[in-house]
Amino acid sequence: MPLAATDPPARDWRWRRDPHIVASMNLLRGQPDAGSKSPDEPADVRREAEVFGCYLVGSPISPAAVDLYDRASRVRTIPVPPSDARLIAFMLRNRRLVGPIDGALALVRPQSAVRKKLLLMAAILETRPEHAHLFLPGGGSAIGAVFAGVRGVLRALVGLPLVRLI
Amino acid sequence: MAAQTLVESGRTVLMLDGGQRDDHYGPLVPATDFVTARTTDPDQHRYLLGDRFEAVPLGEVRTGAQLTPPRQFITEQVAKYLPLRSTSFFPLESLALGGLGSGWGLGCCRFSDQELAQAGLPLPAMKAAYAVVANRIGISGADDDARPYTTADLEGIQPTFTPDPTTALLLRRYQRRRGQLRQQGFHLGRPALALLTEPKNGRQPTSGRDLDFYSDTEQAAYRPWITIEALRRQANFRYHGGVLVVRFREVEDGVEVDAIDIDRGESLTFRAGRLLLAPGVLGTARIVLRSFGCGDTLPLLCNPYCYVPCAVPSRLGGEVPRSGTGFAQAAMFHDPGGRNEDVAMASIYGYRQLMMFRLLREAPLAFQDARILFRYLLPALLIMGIHHPDATAAGKSLALEPDPSSPTGDRLTADCRLDDQTVRRNTERERGFFRAMRSLGAWPIKRVDPGYGASIHFAGSLPFDGSGLPFSLHANGRLAPTTRTFIADGSGFRFLPAKSLTLSLMANAHLVATQALHE
Chain A
1 MPLAATDPPA RDWRWRRDPH IVASMNLLRG QPDAGSKSPD EPADVRREAE
51 VFGCYLVGSP ISPAAVDLYD RASRVRTIPV PPSDARLIAF MLRNRRLVGP
101 IDGALALVRP QSAVRKKLLL MAAILETRPE HAHLFLPGGG SAIGAVFAGV
151 RGVLRALVGL PLVRLI
Chain B
1 MAAQTLVESG RTVLMLDGGQ RDDHYGPLVP ATDFVTARTT DPDQHRYLLG
51 DRFEAVPLGE VRTGAQLTPP RQFITEQVAK YLPLRSTSFF PLESLALGGL
101 GSGWGLGCCR FSDQELAQAG LPLPAMKAAY AVVANRIGIS GADDDARPYT
151 TADLEGIQPT FTPDPTTALL LRRYQRRRGQ LRQQGFHLGR PALALLTEPK
201 NGRQPTSGRD LDFYSDTEQA AYRPWITIEA LRRQANFRYH GGVLVVRFRE
251 VEDGVEVDAI DIDRGESLTF RAGRLLLAPG VLGTARIVLR SFGCGDTLPL
301 LCNPYCYVPC AVPSRLGGEV PRSGTGFAQA AMFHDPGGRN EDVAMASIYG
351 YRQLMMFRLL REAPLAFQDA RILFRYLLPA LLIMGIHHPD ATAAGKSLAL
401 EPDPSSPTGD RLTADCRLDD QTVRRNTERE RGFFRAMRSL GAWPIKRVDP
451 GYGASIHFAG SLPFDGSGLP FSLHANGRLA PTTRTFIADG SGFRFLPAKS
501 LTLSLMANAH LVATQALHE
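Note that the protein sequences, when read in sequence, are chains A and B. When we follow this note's numbering, the leftmost residue of the first sequence carries the number 1, and every step to the right adds one. When we follow this note's numbering, the leftmost residue of the second sequence carries the number 1, and every step to the right adds one.
These are calculated hints, taken from the structure and not from any lab test. It is possible that part of the hints are untrue.
Cross-link-like lysine to any residue pairs, in silico, SDA-like; alpha carbons within 25 angstroms at most [to be verified]:
(1) B:K446 x A:A145
(2) B:K127 x B:T514
(3) B:K80 x B:G241
(4) B:K127 x B:E519
(5) B:K80 x A:T77
(6) B:K446 x A:L136
(7) B:K446 x A:V150
(8) B:K446 x A:L154
(9) B:K80 x B:R411
(10) B:K446 x A:L107
(11) B:K200 x B:A128
(12) B:K80 x A:V75
(13) B:K127 x B:D335
(14) B:K446 x B:A65
(15) B:K446 x A:G149
(16) B:K446 x A:R151
(17) B:K446 x A:I78
(18) B:K80 x B:D296
(19) B:K80 x B:D415
(20) B:K446 x A:R109
(21) B:K127 x B:T227
(22) B:K446 x A:Q111
(23) B:K446 x B:R435
(24) B:K446 x A:V108
(25) B:K446 x B:R173
(26) B:K127 x B:R223
(27) B:K127 x B:K446
(28) B:K446 x A:V146
(29) B:K446 x A:G138
(30) B:K446 x A:P110
(31) B:K446 x B:G318
(32) B:K80 x B:P404
(33) B:K127 x B:D296
(34) B:K127 x B:A152
(35) B:K446 x A:G144
Model the full structure from these sequences, guided by the hints.
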């Protein structure tokens, strides 16, 4: 039966992120409120490059790669909706959860701004001589490939609730 | 090809051409091989990703998305000057110097006698034209099971290049299963390519740098600009680039051509004794529809196309040699009747030059895990591009409609749908290709349909029929009912075989030019 216009709104018991609570928790943790500044400020972009780059290749990336990401972010602007801005802020604060969130997004929102930023970073790293060997075909082992596949699935399982909650 | 034929006959020729070219990225590509460039060149991002990072696919993938930054000039100015509206047809057009040939895959196939007859092309004359063109451009190939479908009886074919290890494995396995596969109508061999393996006319043989999608410096791969540059040294040839031909009209003693200067937006008019149009099927359709000033629709032929990544498990994690080429490594033909008249073709490629980032986003995995998996998978990966033949049918048409925002005041519209029977037949045929590849140890992973038009093989908009009715061609390529205008591209073909098209387009252009000289 459709709801009449005068009916009270149905109570939604799903967990919702209260911005005041989040801000208070951030302050308690000694972290600034992620919503208080634009995620595209230069310092944030460079931090994004460092965190995303380190995640992609497993070690700190070169300053030249950070510079390129900074430049690319200005040339190929990626619109970031609020949900993705929250995810990016969370990923920058919690480096170990970059992989799970990426894995979950690959399944449920492969065209998300987060994925596009990670793809841009991956493309840049692939064209840096110091990182190129990690992208050239050949090498690796069956065990490594199986490990990556299993890890990818586990990461997605861990990341799915995070993507829904953040 | 048509211009060269006319110039060699001593006629004075003016070529009007879109003329877009790359002067920006080409000089940045180092004179080294792909792997050395990747591991040593700090500026490689400029030609691999582009100065505007335009090669990174952040949006919807469209036809031509695989063009590398040094090749993106091929589509320069197209959106502005060649607007097209369609929800069912996704072609690639070009205003490049020499047109789409600036990026063609070099595949060379001579249409069989039966295919030539179906297309409405004259058999003995085309046979001679193929020989002329093959001698001009230089073709390499092998004498194997693919040859009847590629160069057939053409002479002067250079030896083929060494295939990559995964394709070499496929070819060895084919030899063991050859009888069974041939019985099912499948024939596998090396492709014939306009890629030199021996020096020719000042051009160098391929050195295996594996940078073919980025640079033409060796001139091992035939590109039309090579011919145009050679013609520009001739006194009876004049090249006028940077123009878009809009329409023509026949006058008492010749033909007048209206054009637009692409850089300045000015209107230009040229006069000539005869006009040969060869801007490609869609470009010709625009010009002819405008020139006849009526709202007719034209038919269209276009090869249905899909591509299928396949994995060869025994090559997982294998070694990839430094030397190689990104062009097709093998060609598989499906000729169920054995008569070379209803043939589908699959070109088989390796994957390295186009970089891993284009694949990463396709995997439903975190990028870090996908990167590790793809490094292991890529040596075993083959991309099979399947082309189907196309015949005239209802449901495929082109028309012009007004568009005040366009410099020409109009835009092309295309409505192209395959009937259910054709779709079913093509699907069944593709399943046959999958089975054939599996029997060779190459496992199809996923069928990708890039949309109708992505084959970039077009024909049939002004069919040869000799009736003399408007929007048809006489057997010699003359546009009815004109007296001085000839169509030298594929617009006249009444049937479009699935085989690599460009050699036949060039042979037809040479033939039309020859016939225009004698009319």
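Legend entry - Hints not upheld, ascending by number: 17, 27 and 33
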